[in-house]
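*Asks:* One-letter residues, chain by chain:
2 protein chains.
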Amino acid sequence: MASEQVTERRPLSRMEDLVSLCARRGYIFPSSEIYGGINGFWDYGPLGTELKNNLKAFWWQRVVRERADVEGIDTAIIAHPRTWEASGHVEHFSDPMVDCRKCKRRFRADHTDVPCPEAPAKRQVAECELTDPRSFNLMLTTRVGASEDAASVAYLRAETCQPIFNDFKRIRESARQKIPFGIAQIGKAFRNEINPRNFTFRSREFEQAEMEFFCHPSEREHWFEHWRQQRLHFHECLGFGTDVLRTRAHDADELAHYCKNAVDVEYAFPFGWQEIEGIHDRGDWDLSRHSSFSGKDLSVTDETTKERYTPMVIETSVGVDRTTLALLANSYSEEVLANGESRVVLGLPAHVAPVKAAVLPLSKKLAEPSHALENSLRRQFNVFYDDAGNIGRRYRRQDEAGTPFCITYDFESPDDGRVTVRERDSMAQERIPIDAVVGYLRERIEAPI
Amino acid sequence: MASEQVTERRPLSRMEDLVSLCARRGYIFPSSEIYGGINGFWDYGPLGTELKNNLKAFWWQRVVRERADVEGIDTAIIAHPRTWEASGHVEHFSDPMVDCRKCKRRFRADHTDVPCPEAPAKRQVAECELTDPRSFNLMLTTRVGASEDAASVAYLRAETCQPIFNDFKRIRESARQKIPFGIAQIGKAFRNEINPRNFTFRSREFEQAEMEFFCHPSEREHWFEHWRQQRLHFHECLGFGTDVLRTRAHDADELAHYCKNAVDVEYAFPFGWQEIEGIHDRGDWDLSRHSSFSGKDLSVTDETTKERYTPMVIETSVGVDRTTLALLANSYSEEVLANGESRVVLGLPAHVAPVKAAVLPLSKKLAEPSHALENSLRRQFNVFYDDAGNIGRRYRRQDEAGTPFCITYDFESPDDGRVTVRERDSMAQERIPIDAVVGYLRERIEAPI
Chain A
1 MASEQVTERR PLSRMEDLVS LCARRGYIFP SSEIYGGING FWDYGPLGTE LKNNLKAFWW
61 QRVVRERADV EGIDTAIIAH PRTWEASGHV EHFSDPMVDC RKCKRRFRAD HTDVPCPEAP
121 AKRQVAECEL TDPRSFNLML TTRVGASEDA ASVAYLRAET CQPIFNDFKR IRESARQKIP
181 FGIAQIGKAF RNEINPRNFT FRSREFEQAE MEFFCHPSER EHWFEHWRQQ RLHFHECLGF
241 GTDVLRTRAH DADELAHYCK NAVDVEYAFP FGWQEIEGIH DRGDWDLSRH SSFSGKDLSV
301 TDETTKERYT PMVIETSVGV DRTTLALLAN SYSEEVLANG ESRVVLGLPA HVAPVKAAVL
361 PLSKKLAEPS HALENSLRRQ FNVFYDDAGN IGRRYRRQDE AGTPFCITYD FESPDDGRVT
421 VRERDSMAQE RIPIDAVVGY LRERIEAPI
Chain B
1 MASEQVTERR PLSRMEDLVS LCARRGYIFP SSEIYGGING FWDYGPLGTE LKNNLKAFWW
61 QRVVRERADV EGIDTAIIAH PRTWEASGHV EHFSDPMVDC RKCKRRFRAD HTDVPCPEAP
121 AKRQVAECEL TDPRSFNLML TTRVGASEDA ASVAYLRAET CQPIFNDFKR IRESARQKIP
181 FGIAQIGKAF RNEINPRNFT FRSREFEQAE MEFFCHPSER EHWFEHWRQQ RLHFHECLGF
241 GTDVLRTRAH DADELAHYCK NAVDVEYAFP FGWQEIEGIH DRGDWDLSRH SSFSGKDLSV
301 TDETTKERYT PMVIETSVGV DRTTLALLAN SYSEEVLANG ESRVVLGLPA HVAPVKAAVL
361 PLSKKLAEPS HALENSLRRQ FNVFYDDAGN IGRRYRRQDE AGTPFCITYD FESPDDGRVT
421 VRERDSMAQE RIPIDAVVGY LRERIEAPI
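If you read the protein sequences in the order shown, they are chains A and B.
Residue numbers for the first sequence follow the working numbering, so the first one is 1 and each next one is one higher.
Residue numbers for the second sequence follow the working numbering, so the first one is 1 and each next one is one higher.
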């Protein structure tokens, strides 16, 4: 069909287009929207939840389940507050802030090149009457316990890795692991960002997928390089090409004092190259600090050499929301077709796409056998049924939702036992036997190896 | 083998035995253990995480993916604080507390039948010098925003359902759903319990799997009964028999003022019959309150009759940690064998068991082909490899971990291409072709329908 040929393809250039699609289709939208939202917090709707869950499951599969040397855990968001003293967060996890004596607002001391909210046309914040910088801790605090007076301050975890260090000894012993091995978890973390921005990229509540790999000091370079390659390959499996994906090694003066080596995996968002994952050689900083603060010895003994040592840590830390956002940004395009029509399409890789196939009867009269097909697929795949509107409009809705396959049941289908499968990106159509649909989908939605 | 016959079977009677197994095997243990723990917070280790994740995935599959009329979402833990004013939590979500003037402790006014901590042998708390009851709000609070002075108080969600009501309109419109339909989510919730107890049963941070089903007022009884049956069947699929599972309808005086009907699904823990899920007819309370507090109209119009109405809500609310605990408690037993030995076995249903199969070479000399078998299974199943210790001891370790199948590779295997599969509960052994192992496992780990 000539009308379905693409004559022009425009990738995402303005974030607003993606934000608008995400709200319209229920991918992602502001938390508590009916109350005007709450700055830095987002809710995932049906499509966004499936996309994010598929991404997390893919990470868990690759990093935990397919490896005998990585254990997956799930720790509480609220840990003993000493955890965050040992990690250095209580003392150091802060931004320098300045207040303006005129407009009474607070800004990051290194972000004052913005217009002053009081007189936006006239001057930059830097020209306001600013106080000296003061330190502002980014951890969210709460109080836990029966009595409000005596209640202890506790922190919402600022990263998912610290509870991993807390549990290192328990996991090593109960899982009978030997060095080298890793511990991984996926979960929420919280930071009181001064200025949440760029949609879900910098938010106050976010999800991390982190893995801490414990190794002998002599092997840290080897494992750093191993994980750098593994993690880069992971992002390639998400469909990110070399034009939008790069690694960036930190310069010596960017490294945290305990950090020997760090590489960011960056994606080319419309707002610039930004980190979606960090790979860090954290040395023995964390285990040593937790040993010292807890009084529990977290060193290990080499069974062969009898050497006693504190393992070095190679960390891989994915921003789940950021990578979900990169998937959406990378797959978004507006296309002009030969017939003059246009479409918005989310070309998500099939293995992470929220809905794998839509079942579309050509007419509502075909509802019964179409529902039978839908139900036969539903137990194995996330499928969607739609009989409302003309078939072209229904295809467009699925294009926008990122559904890789549309299965059309038509008036010939009861006779020849075949349906038409239409592929989202090429819009190519193919007629296949109904009993071949499961195999057809299964083959095409498998994750790359 | 006569020695493997069970002569006596003792189910779990003391929670300590389960708590001890869970710590030893890395199922569940106190959060921040190296710092002495933090009361009411627990971490899940490798086996516990897989078990809980399998339970959540099974719920998501049954409640969301297999139903065209339920949408799954994933909202922020921190919502706009007005959410919790509308829900009534700010005003009413509190326990009456009394203080003792002597021992300075605080107790729930309805839980004073415990020994006084100051003089445990002498008197009950009720005989202490108690203050009048005062109300103590159970929500955890935090502050969000740039300035510490002007920062807004926010709450960690006390239940996962309120953000569902916040998002009702957005989801209905973007997913193009019509009444009746449901919205579901799984996630963390927080309550500052005065007295966390019974292992993970009553903790301060916990996970819920909730579904809110919106229907026309004339259909509330129908949908309540539909969901009661569906949810009961779900728990039956987890292997809970009629001896340990029951439903309990709330008496009229137990019902919340907005609640017309409520049934608890209860499990017979060693500490008594306790709720693991609640099924509630919440009426139009939540949508009406959020309409009124947000000023956004959350009513709907029937397309056929043009009637405008606020939908009624049937809620199903699973305690994920509680149900995980019930799975562990229900599957735990100590068995005495004919040869006088004994074993602890977790008879978890195979579809939720953390590890599906262990690959056990009879000798370390068989490591290479055994690893090949392990790797061929690992991409599809969560498997475990163990070549340490005699085969009997390795079986016992897997029994304790709840692994349904052990696959032993022996000195005959390279010649006849067969391995021995040993089933956990019956301890029956069967020799099958290596290339039949995938099919054998797949068939036996499927969830019941």
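Check the hints yourself; a few may be wrong.
Any copy will do: because identical chains look the same in the list, a pair fits if it lies in one copy or spans two.
[To be verified] Computed cross-link-like contacts, DMTMM-like style, restricted to lysine to aspartate or glutamate with a CA-CA straight-line distance of at most 25 Å: (1) Lys365 / Glu307; (2) Lys56 / Glu193; (3) Lys178 / Glu368; (4) Lys188 / Glu159.
No lab work stands behind these hints: they were computed from the structure.
*Asks:* For every hint, state whether the structure bears it out.
*Replies:* Hint check results:
1. Lys365 / Glu307: neither (76 Å within a copy, 27 Å between copies)
2. Lys56 / Glu193: For lysine 56 and glutamate 193, only the intra-copy Cα distance (24 Å) is at most 25 Å; the inter-copy one is 31 Å.
3. Lys178 / Glu368: between (57 Å within a copy, 19 Å between copies)
4. Lys188 / Glu159: both (8 Å within a copy, 16 Å between copies)
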